[in-house]
Amino acid sequence: MPNKSGNVYGLTTLCPLIYKDSNNNNESPVMELRKLLQGYDERDDSSPMMKVPNTYLARFFVLDDVIFQSCPYELEHLKSKYLVFTANFYGDLDPYLEGMYAAIPEEIKKIWHDAVGFNVADAQSFKAYIKKCQVTTTFLFNGSTDDPLATQLKSLYVKQEFSKFVFQNQGTSPELLLQEFKKLISTIKPSENLPTWKAGVGDLNKVVQY
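Here the sequence shown stands for residues 811 to 1020, where the numbers follow this note's numbering.
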């Protein structure tokens, strides 16, 4: 299956955008969409996709055109601009899209507001729309451990805290080292979900979620 590698699903969608606004005055809504998407980049903890369960990575962008030549004398262009949404996530497509709509329904309506044919009111209609816009994901590379996102985030957190512990306790006596290690375990709680690495955050000062 081209869209799947192990437990990881690769979703690629191209959603055509309306060229004219509702007043038919030749104004494109694309600029407003660009502003919305760019606003998510202003802070590393602002993306709504952080709230969507099991998202490894996701990307939105506006595709203006793809110029290619079908014969030596003719250039072809896309017939519209497209909102491109790609995501790599753990699991299968249907439960992922259901979880996405449950987590960020209002953001979905904002992002896809000016997409052609977007008339979504619930998870089922959202799934149907995304599948209609889906294209095959080729050359999918699974760069993860093939585990659920929560498992990977907890592992990253434990690894980070243990590395800090090792660095801070170089040369510590065995007796004190054991005491400090017990404190570490009581703090990071390896067998529990929290604390953990916060999804979508790359700043080491903001990674912990309690």
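Keep in mind that the hints are not guaranteed to be accurate.
Claimed, not checked - Here are the simulated BS3-like pairs of lysine-lysine, each with C-alpha atoms no more than 27 Å apart in a straight line: (1) Lys889 / Lys861; (2) Lys845 / Lys919; (3) Lys845 / Lys814; (4) Lys891 / Lys942; (5) Lys920 / Lys937.
What the hints assert, rightly or not - So the derived label-pair ranges between C-beta atoms look like this: (6) Gly816 / Lys861: 21 to 29 Å; (7) Lys861 / Lys941: 30 to 38 Å; (8) Leu846 / Ser973: 18 to 26 Å; (9) Gly953 / Gln978: 24 to 32 Å.
Read the hints as simulated data drawn from the structure, not as lab findings.
Just so it is clear, CB atoms sit at the ideal spot from N, CA and C, and this is done for glycine as well.
Fill in: Structure versus earlier hints, numbers of those that do not hold, lowest first
Structure breaks hints 1, 3, 7, 8.
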